[in-house]
Amino acid sequence: GTAGAQAYQEALRSIKFSTTTSDTDTRTIDFVLGSGLYFADTDHFYEYVSTGSSITWDAAKVAAEKTSLFGRKGYLVTITGVQENEFVRSKTLGLGWIGAKDITPYTGDWRWVTGPEGLADSGKGLKFHNGYGPGITEQGKYSNWSYGEPNNWNNIGEYVAHIYGPEDAGFPGTWNDYEPDNADVRGYII
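So the sequence shown is residues 1 to 190, counted in our numbering.
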């Protein structure tokens, strides 16, 4: 409708859950507003965008930045903690670009270069990982690389990152480096 964000926030805050069962398991309730999914721990909305055909990392970055939801500007997702990664993993439907990049290709200077994290270090982005192969995650930072990643496999020019989706047996929610025009990627996460 035409209501403002405050009206939606008030409506969501008024929702109460009750049950007649004696089961005391913790329950999680997700609110879906349009196609964006809200994660309270980060106060962000997330959306997996399936393009139906291949999309380059750069095109996905531009497309993400053209979006907005409830006045919030979109960007390729940055993932800075295990709970956020789990939430993003649960919403990712296939290979999807994320906002991580080796800013000087093949040096292993991995940074979040999109969103608020992209503004860190005078616009070079928030550094979270050093190196290729197992590399070293920066102290106090989070990474979830798949085993042996990032690796610039076969020296083909892999210096941007994607997250694996549910069809990638054994890998869902882990990250991999790819070349920015890899045709296997048909989606991205805002």
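None of these hints come from the bench; they were simulated from the model.
Certain hints may be false.
Each computed DSS-like pair below joins lysine-lysine, with the alpha-carbon atoms no more than 30 Å apart [to be verified]:
no. : residue 1 : residue 2
1   : Lys91     : Lys16
2   : Lys141    : Lys124
3   : Lys73     : Lys127
4   : Lys66     : Lys127
5   : Lys141    : Lys127
6   : Lys73     : Lys91
7   : Lys16     : Lys66
8   : Lys124    : Lys91
9   : Lys91     : Lys66
10  : Lys91     : Lys127
11  : Lys141    : Lys91
12  : Lys73     : Lys124
13  : Lys124    : Lys16
14  : Lys124    : Lys66
How the hints compare with the structure:
With a CA separation close to 24 Å, the supplied pair lysine 91 and lysine 16 stays within the 30 Å bound. Annotation: proposed proximity of lysine 141 to lysine 124 holds, straight-line Cα distance about 16 Å (limit 30 Å). For the given pair, lysine 73 sits about 22 Å from lysine 127 by alpha-carbon distance, which is consistent with the 30 Å threshold. Simply put, lysine 66 and lysine 127 have alpha-carbon atoms about 25 Å apart, close enough for the 30 Å limit, and the pair holds.
For the hint pairing lysine 141 with lysine 127, the CA-to-CA distance comes to about 8 Å; that is within 30 Å, so the pair holds. Using a Cα cut-off of 30 Å, the hinted pair lysine 73 and lysine 91 holds, with the two alpha carbons roughly 19 Å apart. Note on lysine 16 and lysine 66: the hinted pairing is violated, with a Cα-Cα distance of about 35 Å set against a maximum of 30 Å. Of the pairs offered as hints, the one joining lysine 124 and lysine 91 holds, with about 28 Å between alpha carbons and a cut-off of 30 Å not exceeded.
Distance check on the hinted pair: lysine 91 and lysine 66 sit about 21 Å apart at the alpha-carbon level, within 30 Å; holds. Annotation: proposed proximity of lysine 91 to lysine 127 holds, straight-line Cα distance about 25 Å (limit 30 Å). A threshold of 30 Å between alpha carbons decides the hint, and for lysine 141 with lysine 91 the separation of about 23 Å falls inside it, so the pair holds. Of the pairs offered as hints, the one joining lysine 73 and lysine 124 holds, with about 19 Å between alpha carbons and a cut-off of 30 Å not exceeded.
Taken as a hint, the lysine 124 and lysine 16 pair is broken in the structure, with Cα atoms around 44 Å apart against an allowance of 30 Å. Taking the CA atoms of lysine 124 and lysine 66, the gap is about 21 Å. The hint holds against a cut of 30 Å.
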